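Residue-level listing of the chains:
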Amino acid sequence: MNTGSDFFNIDSLLTEDELMVRDTMRSFVDREVLPVIEEANRENRFPMDLPKKMAELGVFGPTLPGEYGGGDANYVIYGLMMQELERGDSGIRSFASVQTSLVMYPIFRYGTEEQKRRWLPALASAESIGCFGLTEPDHGSDPGGMVTRAVRDGDSFVLNGAKMWITNGTIADVAVVWAKLDGEVRGFLVEKGTPGFTAPEMKGKHSLRASVTSELVFQDCRIPAENILPGAKGLKAPLSCLTQARYGISWGAIGAATACYETALDYAKTRTQFDRPIASFQLVQQKLTFMETEITKARLLSLHLGRLQDQQKATFYHVSMAKRNNVDIALQIARMARDVLGANGILDEYPVMRHMNNLESVRTYEGTHDIHTLIIGQAITGIAAYT
Amino acid sequence: MNIFVCVSHVPDTTTKVQVGEDGKSIDPSGVTWILNPYDEYAVEAALQLKEAREGEVTVVCFGPDAVKETIRKGLAMGADKGLHIKSDQPRDSFGTAKALAETLKDREADVIFCGRQSIDYDGWQMAGLLGEMLDLPSVTVASKLEIKEDGSIEAEREIEGGMETVVSKLPAVISAQKGLNDPRYPKLQGIMQAKRKPIEDVEPSPYKNRVEVLEMSKPPVKSAGKIVGEGPDAVKELVKLLHEEAKVI
Ligand SMILES: Cc1cc2nc3c(=O)[nH]c(=O)nc-3n(C[C@H](O)[C@H](O)[C@H](O)COP(=O)(O)OP(=O)(O)OC[C@H]3O[C@@H](n4cnc5c(N)ncnc54)[C@H](O)[C@@H]3O)c2cc1C
Chain A
6 MNTGSDFFNI DSLLTEDELM VRDTMRSFVD REVLPVIEEA NRENRFPMDL
56 PKKMAELGVF GPTLPGEYGG GDANYVIYGL MMQELERGDS GIRSFASVQT
106 SLVMYPIFRY GTEEQKRRWL PALASAESIG CFGLTEPDHG SDPGGMVTRA
156 VRDGDSFVLN GAKMWITNGT IADVAVVWAK LDGEVRGFLV EKGTPGFTAP
206 EMKGKHSLRA SVTSELVFQD CRIPAENILP GAKGLKAPLS CLTQARYGIS
256 WGAIGAATAC YETALDYAKT RTQFDRPIAS FQLVQQKLTF METEITKARL
306 LSLHLGRLQD QQKATFYHVS MAKRNNVDIA LQIARMARDV LGANGILDEY
356 PVMRHMNNLE SVRTYEGTHD IHTLIIGQAI TGIAAYT
Chain B
-13 MNIFVCVSHV PDTTTKVQVG EDGKSIDPSG VTWILNPYDE YAVEAALQLK
37 EAREGEVTVV CFGPDAVKET IRKGLAMGAD KGLHIKSDQP RDSFGTAKAL
87 AETLKDREAD VIFCGRQSID YDGWQMAGLL GEMLDLPSVT VASKLEIKED
137 GSIEAEREIE GGMETVVSKL PAVISAQKGL NDPRYPKLQG IMQAKRKPIE
187 DVEPSPYKNR VEVLEMSKPP VKSAGKIVGE GPDAVKELVK LLHEEAKVI
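So the protein lines, in turn, are chains A and B. Per our numbering, the first sequence starts with residue 6, numbered consecutively. Per our numbering, the second sequence starts with residue -13, numbered consecutively.
Rather than coming from a laboratory, the hints here were simulated on the basis of the structure. One thing to keep in mind: the hints can contain errors.
What the hints assert, rightly or not - Quick list of simulated restraints, FRET-style, between CB atoms:
{"hint": "1", "chain 1": "B", "residue 1": "Lys181", "chain 2": "A", "residue 2": "Thr386", "range": "20 to 28 Å"}
{"hint": "2", "chain 1": "B", "residue 1": "Gly215", "chain 2": "A", "residue 2": "Phe13", "range": "46 to 54 Å"}
{"hint": "3", "chain 1": "B", "residue 1": "Asn195", "chain 2": "A", "residue 2": "Pro40", "range": "23 to 31 Å"}
{"hint": "4", "chain 1": "A", "residue 1": "Pro282", "chain 2": "B", "residue 2": "Trp110", "range": "26 to 34 Å"}
{"hint": "5", "chain 1": "B", "residue 1": "Glu94", "chain 2": "A", "residue 2": "Pro126", "range": "36 to 44 Å"}
{"hint": "6", "chain 1": "B", "residue 1": "Glu37", "chain 2": "A", "residue 2": "Gln317", "range": "34 to 42 Å"}
Keep in mind the model is a prediction, meaning the values are calculated, not measured. Heads up, the beta-carbon is just placed ideally off N, CA and C, and yes, glycines get one too.
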C-alpha cells in the first residue's frame, strides 16, 4: 500500500475511523482506479463500472443520515475520501463531488420528503447518477445572470434554455437544474428521457478526459410541478451546494499533488545524470522541498477547515481560501513534477501530466482561482470587487 | 454457525522495518500496522459463511492494546464481535496458539479460520498448532472451500506442483491462502458501526516462551550486479568468475 506523505505527522490528528476510511480508500484507488485510469483518460471515457464499486465503500453522501443511504460520517471523512480519489484522478473525484455535494446535498437540504426517499438511496448506491446544471454558455462566474427560464403551466413547469460544462450530464438519470421562475433562481429535478431535454457530450477536452462533460438543452421541456425543490429560493441555494463541493475539492487537490510529488521524488532518487541521482542536485531538492512543504500546509488547512465544518463554524470564505490555495499549489506541484521528470514527464507512463491537465479544469470550475481571490478580498475588506 | 477468525496485527508490507535497540525485536516507531493480508481472506471466508448459513463471526487477536485496531478492522468488514486476549509479552507461535486454544476451547466453535501465515514472523504454524491443541482437524493453505449441508467441508489445497482436495468434518481449523476469495473493503457504514460492536477482553494464563529470539538482523545489502560482457564471448569469462570469485561451480 502506498503510505503517502506524512512529513509532519498530521496523521496523529486523525481518529482511528478517519484513518481506516482513508487507508481503505487508498487501497481501493491503488487496486481499482490506478490500473484503469490511463487508458480511460486516453480514450476520453469515464470508467462506468467504478460508481457501483465506490458506492459499496460509502463514497456517495457520506455525511448524510443512514436512513437516506448516507454514512453518518463527519466532514473530515468526506474530505479524506475526496483526497484519496483525486490521488487517482480528478475526474473520478469530480464524479463523486457532483453526486454527493451537488446532487444529494440539494435534494437533502431543499427537497421534499418524497424527493429524498425517491432519490437519495438510489444516488447513494449509484443506482442513479446525478448532475448539476448551473453554468450556461454566457454565464460562468456570474451565474446570477442565467437565462434559463421556468414557467408554471397548470400541474407542470416548462423549462427553456441551455446549460454548458455539466459534469456527468450525458450519463445522469437526474439533473438538478437551476432556472429562473418569475425572476427568482429555483432548483428543478429533471429526469433523463423527459421530452424536450437532451444532454449531448462535449468533445475535444485536453483536461478531465476520464470525466463526462455535457451540455443540457431544454426546449419546452415539461416536468411535473412536484419536481421543484421547494426549499431552494434564490442564488444562495446553488451557491450553498458549491460551498459543499469546493470543500471536497480543497481535499482532492491534495491527492493530485501527492501523486505528482511522490512520482517526482521517486524519479529524482533513481534517475542519474552526471553520475549522480538528480535528487542530489540543489535545484531538484528545492522543488521537492517546495512540494513537501506546500502539501503539508494544504493538509493542515483542509483538516482545520474540516474540523470547523464539523463544528458548523466554517464559512464560504474559509472554503474559498482552502480551494484557492490547495488547487493552486497542486497545479504548481504538478508542473514542477513534470519538469523533474524531464521528457518522461510528458508520457502517460507517469500520472503527472494527466494530473497537471486535470488541475487546469479544477482551477477554473467551482469558482475560478481569481473569483475566490475576490471572495476572500471581500471578506477581508467588506468591499465586493467583482461587480 | 459460530465462526471464529484468528487474526494478527502486522507491519504494513511497505513499511521499512528496522531492528530495535535490543537487537532482538523490531523498532515499532514509524511502523504502520495492518490486518495481516492472509487474515483478510480468512475474515472474508468467515463472512461469506455467515451470509450463507447465518450465525456469528468473532474476530480474535492475541497481543497488546494496539491490536484492538486490527480487531476493529475485522469488525468494520462485517464481523459481529471481537475477542482480545490481552498481553504485552510477545510470545512464540506455540504460546500464541496456547492462548488462542484456551480461549476458544469452551466457546463451541463450528469453524476457526486463520491466515496461512502471518507476514511478520512467518511461522506458518497456527492452524496446525490450534488443531492439535483443540483436538480438531486442521486444513491448511486452503485456496478453495465448500461447506456442505451435512456439516462436512471440502477444500482444495495448493501442494508442490499441483492441487490436493481434502474432506473433513466440522468443527475444524482452516487456514486461508490467497485466492480463496476476494476480500471486501470495509464500507464507511461498517467502519462507523465497528466502534459500537463489543470487544471482550480476556487474560491468558501465564506462559514462558519455548523459543528464545537471540538476534534479529536485516539481510545483507545486495551489491549491484555485474555485466561481464555480451554474447557467446562472455561465457568463458562468466564461467571463470563463477568458479574463482563466486565459488559456486
Ligand atoms: C471540466 C469542467 C466541468 C464543469 N462542471 C460543471 C458542472 O458540473 N456544473 C456547472 O454548473 N458548471 C460546471 N463547470 C463550469 C465552471 O463552473 C465554469 O467554467 C466556471 O464557473 C467559470 O466560468 P467560465 O468558464 O464561463 O469563465 P468566465 O466566468 O467567463 O471567466 C473567464 C475568466 O475571467 C475571470 N473573471 C470573470 N469574472 C471576473 C471578475 N468579476 N473579476 C475578475 N476576473 C473575472 C475568471 O476568473 C476567468 O479567469 C465545469 C467546468 C469545467 C471546465
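Verification of the supplied hints:
Checking the proposed 20 to 28 Å range against Lys181/B and Thr386/A shows it is violated: the Cβ atoms sit about 45 Å from each other. Our hint of 46 to 54 Å for Gly215/B and Phe13/A holds, since their Cβ atoms are close to 50 Å apart. Under the hint 23 to 31 Å, the C-beta atoms of Asn195/B and Pro40/A, about 44 Å apart, miss the expected range. The hinted range of 26 to 34 Å is not satisfied by Pro282/A and Trp110/B, whose Cβ atoms lie roughly 39 Å apart.
At about 39 Å, the CB distance of Glu94/B to Pro126/A agrees with the hint of 36 to 44 Å. Taking the beta carbon of each, Glu37/B and Gln317/A are about 39 Å apart, inside 34 to 42 Å as hinted.
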